[in-house]
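A.B. asks: From first to last, the protein sequence lines are chains A and B. The first sequence begins at 1 in the working numbering and counts up one residue at a time. The second sequence begins at 507 in the working numbering and counts up one residue at a time.
It cannot be assumed that every hint is accurate.
As the list claims (entries may be wrong) - Some chain B residues judged to face chain A by a derived CB distance under 7 Å, without partners named:
(1) Ala732
(2) Leu735
(3) Asn736
(4) Gln738
(5) Gly739
(6) Ala743
(7) Leu747
What the hints assert, rightly or not - Pulled from the structure, derived: some chain B residues nowhere near chain A, Cβ distances all over 10 Å:
(8) Tyr558
(9) Gly559
(10) Thr565
(11) Ser618
(12) Val653
(13) Met668
(14) Asp676
(15) Ile709
(16) Val725
(17) Gly727
(18) Ile728
(19) Arg731
(20) Val741
(21) Gly744
FYI, nobody ran anything at the bench for these hints, they're computed from the structure. Note that beta-carbon positions come from the ideal geometry of N, C-alpha and C, so glycine has one too.
One-letter residues, chain by chain:
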Amino acid sequence: MSTPVLQIENVSKRFGQTLANDNISLSLDKGEIVALLGENGAGKTTLMSILFGHYVPDSGRVMVDGQELPAGRPRAAIRAGIGMVHQHFALAPNLTVLENVTTGTESLWSPRSRRREARAKLLAISERFGLKVDPDARLGDLSVGEQQRVEILKALYNEARILVLDEPTAVLTQIEAERLFATLKDMAAQGLSLIFISHKLDEVMSTADRIVVLRGGRHVAERRASETSKPELAELMVGRAVSRPVREPSDPGDVVLEAAAVTVRIGGVDRLKAVDFRLRAGEVLGIIGVSGNGQAALAQLLSGTAAMASGDLLLFGQPVDALSVKDAVTAGIGRIPEDRNKDGAIGEMAIWENAILERLSSFSRHGLVDRQAGMAFAQTIIDTFDVRGGSPASRIRLLSGGNMQKLILGRNLIDRPRILIAAQPARGLDEGAVAAVHERILDARRQGTAVLLISEDLDEVMALADRIQAIVGGRLSPPIPAQEASTRRLGLMMAGEWEGETAHAV
Amino acid sequence: MRFERREHRPVALVIATPLIAVVAALAIAGILIAIAGAPVFEAYWNILKGAYGSRLSATETLTRATPLILTGLAAAVAFRARLWNIGGEGQLYLGAITVAWASSHLIGSWPSALQIPALLIMGAVAGMILLLVPLWLRLRFSVDEVVTTLLLNFVAVLFVSMLIDTVLKDPTAFGWPQSQSVADAAMLPKLLARSRLNLGLVIAVVLALVLAFVQSRTVFGIQSRAAGLNPQGAVFAGVPLGRTLVVVACVSGGLAGLAGAVEVMGVKGYVTTDLSPGYGYSGIVVAMLANLNPLGVVVAGLFTATMFVGADGMSRAMGIPSYIADVIVALSLLTMLIAVFFTQYRIRR
Numbered sequence: 001m002s003t004p005v006l007q008i009e010n011v012s013k014r015f016g017q018t019l020a021n022d023n024i025s026l027s028l029d030k031g032e033i034v035a036l037l038g039e040n041g042a043g044k045t046t047l048m049s050i051l052f053g054h055y056v057p058d059s060g061r062v063m064v065d066g067q068e069l070p071a072g073r074p075r076a077a078i079r080a081g082i083g084m085v086h087q088h089f090a091l092a093p094n095l096t097v098l099e100n101v102t103t104g105t106e107s108l109w110s111p112r113s114r115r116r117e118a119r120a121k122l123l124a125i126s127e128r129f130g131l132k133v134d135p136d137a138r139l140g141d142l143s144v145g146e147q148q149r150v151e152i153l154k155a156l157y158n159e160a161r162i163l164v165l166d167e168p169t170a171v172l173t174q175i176e177a178e179r180l181f182a183t184l185k186d187m188a189a190q191g192l193s194l195i196f197i198s199h200k201l202d203e204v205m206s207t208a209d210r211i212v213v214l215r216g217g218r219h220v221a222e223r224r225a226s227e228t229s230k231p232e233l234a235e236l237m238v239g240r241a242v243s244r245p246v247r248e249p250s251d252p253g254d255v256v257l258e259a260a261a262v263t264v265r266i267g268g269v270d271r272l273k274a275v276d277f278r279l280r281a282g283e284v285l286g287i288i289g290v291s292g293n294g295q296a297a298l299a300q301l302l303s304g305t306a307a308m309a310s311g312d313l314l315l316f317g318q319p320v321d322a323l324s325v326k327d328a329v330t331a332g333i334g335r336i337p338e339d340r341n342k343d344g345a346i347g348e349m350a351i352w353e354n355a356i357l358e359r360l361s362s363f364s365r366h367g368l369v370d371r372q373a374g375m376a377f378a379q380t381i382i383d384t385f386d387v388r389g390g391s392p393a394s395r396i397r398l399l400s401g402g403n404m405q406k407l408i409l410g411r412n413l414i415d416r417p418r419i420l421i422a423a424q425p426a427r428g429l430d431e432g433a434v435a436a437v438h439e440r441i442l443d444a445r446r447q448g449t450a451v452l453l454i455s456e457d458l459d460e461v462m463a464l465a466d467r468i469q470a471i472v473g474g475r476l477s478p479p480i481p482a483q484e485a486s487t488r489r490l491g492l493m494m495a496g497e498w499e500g501e502t503a504h505a506v
Numbered sequence: 507m508r509f510e511r512r513e514h515r516p517v518a519l520v521i522a523t524p525l526i527a528v529v530a531a532l533a534i535a536g537i538l539i540a541i542a543g544a545p546v547f548e549a550y551w552n553i554l555k556g557a558y559g560s561r562l563s564a565t566e567t568l569t570r571a572t573p574l575i576l577t578g579l580a581a582a583v584a585f586r587a588r589l590w591n592i593g594g595e596g597q598l599y600l601g602a603i604t605v606a607w608a609s610s611h612l613i614g615s616w617p618s619a620l621q622i623p624a625l626l627i628m629g630a631v632a633g634m635i636l637l638l639v640p641l642w643l644r645l646r647f648s649v650d651e652v653v654t655t656l657l658l659n660f661v662a663v664l665f666v667s668m669l670i671d672t673v674l675k676d677p678t679a680f681g682w683p684q685s686q687s688v689a690d691a692a693m694l695p696k697l698l699a700r701s702r703l704n705l706g707l708v709i710a711v712v713l714a715l716v717l718a719f720v721q722s723r724t725v726f727g728i729q730s731r732a733a734g735l736n737p738q739g740a741v742f743a744g745v746p747l748g749r750t751l752v753v754v755a756c757v758s759g760g761l762a763g764l765a766g767a768v769e770v771m772g773v774k775g776y777v778t779t780d781l782s783p784g785y786g787y788s789g790i791v792v793a794m795l796a797n798l799n800p801l802g803v804v805v806a807g808l809f810t811a812t813m814f815v816g817a818d819g820m821s822r823a824m825g826i827p828s829y830i831a832d833v834i835v836a837l838s839l840l841t842m843l844i845a846v847f848f849t850q851y852r853i854r855r
């Protein structure tokens, strides 16, 4: 067999007390797709940063085509043909696609920009790999999926032969993700070599040729995709057998929240169009749909951050005209926002401040904040919900995604809310954290909380929900009981095909 | 080499930071002093002597620090909430002229005990109003307040200039554009006889203490910090964004207006267009030097005043242009910003 295009040999990297990479070796052949699988904090991103020259390893080396790469030199990595597609795109939103792609490729001293050649080259690449994008579009106007395509194009424009993608699907919808993986397979077939970082078992199984599992900074296993299974990978990744919690049958109580023909208009557009739903105590109502179909408006309405244009909303049987955040919190509505970093937390503020921010009035007297009580409250959440990596006084930004989500869940669930609005509660979390979040949601349901679960993840909805409605273009389908849900039927519902099935309405 | 965010900020580092920054700035400015042909250490000794060497110079430095602390607090409080109030200068002048007008036309006969508080409040309210206009434009039409507050400075200063040349002109000032004087009963009590040092300094320091308390311990403090750090997250948590910003604007504009009132009632007694040598703008520098911490503002205000007053003395003694004070303050700001960066990041290679 020929030399691998890429070899990582015995790489170690220590950050303070933590050994982020412990003697990791990895190789990649031409035309191969390798998945780097591991939970958050397993050392995947560190390893790739070393590969790309962002970090200098404490020991070990990186070889491309048998040649050792100088450590800590991103330029050398680019020249050797390594391209990186970051999870958070390194692109300028105010420039066009073409400008973004050519940035950094031309000498600053060159008197003119070779736009025409650049455009031709870009179009040729985009043609060859089926990555369609308008070179003159302003980057900020593109969807997230398109922006990611630009990142890939930029790497290819720099003659990358080895492409590294850091959690490429974290920001994509399911359809965009499927399209991306088709492209990646095509690229491998054309001789490129790819590494993609992921913690999602499905995509790893369906796309990679070979899977390398990292855990706690160590290379724990390596499997061919054809010779392994999802349960085996999950166990290797987490280090123990994990199972997602199972929903037990329950006996739903009274209707606590009812919407009749509710319309929400945001920015002059009807994001929710005359939707109907009823939510009962002790049940989970799942709302599925491709993102951007009105989920955000629904979550905002019930979280108190968006107003209703028309329709009737009954909260515990009482009509509500306008729900403010304060009303929602006092009424016992727990709120898990879709975007924990933007909505759910003030990153630079302490954990205890984040814990009490939405209920400051219960932690203050005459305008003075009771710091002691706030700290104690935060500590209770940390203990009860197993939040790791921070104390009440440390900034919340220091928590990992899963732990931040546990804290947000905790501040909502600790007082036993009557209603829980959970928008994409497990998005971006690793397997262990997903199980923990699901367990908490089912726990709340068992205790009589009415849960509205808004999610794009069909597995999640089918596992947790008692009844399921689909949201399409701002409209809600009639509900179907979870027992009648199949992937196919849900797929049809998400495509808007529920007319004529209204007879099933519960 | 790359920068990594620090997970913890060592207390010693946070305390040492401003000191290191000032020393670094003085070292760099020393090069300029050497180029100008003067012995560096002697020059700095002369700055210190010029600022604190005599009773007169020491009281003068403290008098100079008073408006700087007030405008510094005005900027710090606004910037904390990401309200970019660049209009301190205009708010200061409006506060000043309001006081001069009210005391000469309206309540000049009132006794000190009533007149002084009334005037201070009126000066503060004038500053508030001038900041509420840009804030309303921002909340209603998303107009960038950096532009509006900055431009309103010129409007306010020219407006004051018009008033003191017309309706509020002092007829006894030999034709100079100068406002009528405030009543004697409106003058702030002196802290020391035969000096210009007045109650204004006490007011400024007390307000700094009050603000430090409000920002760290009150609901308003937490909400305004949340609104500044992450407006979207603050809204989700139920922070009334508009109302919080209105209060912040009232405090910020009020402090800047108060700076003008104190300067008139404590030092000058009347308004001219050179009442403020850019106190409103220097306040921004003071706030940044203090890393937006209210107590730090007191120290930073003193430091800036020391440099300005001391450099005058040094310039007379050594024949070096007193502009060196501007250079030192500007360099301090730069080194301070770099130092603050290093309290948040560390270098890794």
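A.B. asks: Each hint: holds or not?
C.D. replies: Going through the hints against the structure:
1. Ala732: Where the cut-off is 7 Å and the nearest Cβ of chain A is about 5 Å from Ala732 of chain B, the hint holds.
2. Leu735: Result: holds, 5 Å to nearest chain A Cβ.
3. Asn736: holds (5 Å)
4. Gln738: holds (5 Å)
5. Gly739: Gly739 of chain B check passes; min Cβ-Cβ to chain A is 5 Å, inside 7 Å.
6. Ala743: holds (4 Å)
7. Leu747: violated (11 Å)
8. Tyr558: holds (38 Å)
9. Gly559: holds (43 Å)
10. Thr565: About 37 Å separates Thr565 of chain B from the closest Cβ of chain A, which puts it past 10 Å; holds.
11. Ser618: Holds, because the least Cβ-Cβ distance between Ser618 of chain B and chain A comes to about 32 Å, which exceeds 10 Å.
12. Val653: Fine: 19 Å to the nearest Cβ keeps Val653 of chain B off the interface.
13. Met668: Given that every Cβ of chain A is farther than 10 Å from that of Met668 of chain B, nearest at about 42 Å, it holds.
14. Asp676: Its Cβ never comes within 10 Å of chain A, the nearest being 44 Å, so this holds.
15. Ile709: About 22 Å separates Ile709 of chain B from the closest Cβ of chain A, which puts it past 10 Å; holds.
16. Val725: violated (5 Å)
17. Gly727: violated (8 Å)
18. Ile728: violated (6 Å)
19. Arg731: violated (7 Å)
20. Val741: Val741 of chain B is in fact no farther than 10 Å from some Cβ atom of chain A, at 6 Å.
21. Gly744: Violated, since 3 Å does not exceed 10 Å.
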